[in-house]
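Quick note, in the working numbering, the sequence shown goes up one by one and the last residue is 153.
It is worth saying that the hints were derived from the structure and are not from the lab.
Beta carbons: idealized from backbone N, C-alpha and C, even for Gly.
Keep in mind that a hint or two might mislead.
To be verified - Here are the computed distance ranges between Cβ atoms for each label pair:
1. 150 <-> 64: 30 to 40 Å
2. 60 <-> 97: 32 to 42 Å
3. 140 <-> 108: 19 to 29 Å
4. 64 <-> 125: 18 to 28 Å
5. 71 <-> 145: 41 to 51 Å
6. 111 <-> 77: 37 to 47 Å
7. 110 <-> 67: 14 to 24 Å
8. 78 <-> 100: 10 to 20 Å
9. 71 <-> 103: 23 to 33 Å
10. 102 <-> 64: 14 to 24 Å
11. 149 <-> 71: 36 to 46 Å
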Amino acid sequence: MPEPEVELLAAALRQDSTDLNLYANVLTAKLADSLPAGAVRVGRRRSFAERVAGRAGSVDELDVVLGEQRLLLRMDHGRVTGEICHEVRGIVLSRRRVELDEWIDALARALADAAASSARAREAVERFLA
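Kindly produce the complete structure, drawing on both the sequences and the hints.
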């Protein structure tokens with residue numbers, strides 16, 4: 024995928040990132056619907072009121088695996104921690120903590136790389152850009 028399209032994808036991924044809870048929910052829904060089963064794992068925290076009401080709760084962890092790259096995003100009381108891991112057959116070879124912007128750029132690059140080799144990933148990228 025050409026560099027301008029990757030930048031456009033990163034901009035689409037950044038949309039609504041000022042409200043972290045909303046951003047996490049929207050991003051989670053888009054990724055889970057677009058990528059193959061098992062590529063996205065979502066951790067949620069549910070308060071007592073949310074459990075009683077039957078609500079899903081707020082996203083507190085997003086784990087995306089694309090090829091040999093694992094991108095983790097953790098939300099804790101309004102604070103976001105990103106991690107980019109290089110993983111081969113379940114073994115983490117490197118791990119790096121990053122800010123949200125760098126995490127989004129890495130996700131955009133990983134999605135673009137996946138789109139180059141997979142029709143389903145290409146559809147996911149097109150949904151983000153639409």
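Tested hints:
no.	hint	in the structure
1	150 <-> 64: 30 to 40 Å	violated, 20 Å
2	60 <-> 97: 32 to 42 Å	violated, 22 Å
3	140 <-> 108: 19 to 29 Å	holds, 20 Å
4	64 <-> 125: 18 to 28 Å	holds, 21 Å
5	71 <-> 145: 41 to 51 Å	holds, 42 Å
6	111 <-> 77: 37 to 47 Å	holds, 40 Å
7	110 <-> 67: 14 to 24 Å	holds, 23 Å
8	78 <-> 100: 10 to 20 Å	holds, 19 Å
9	71 <-> 103: 23 to 33 Å	holds, 25 Å
10	102 <-> 64: 14 to 24 Å	holds, 20 Å
11	149 <-> 71: 36 to 46 Å	holds, 40 Å
Of the numbered hints listed earlier, those contradicted by the structure are 1 and 2.
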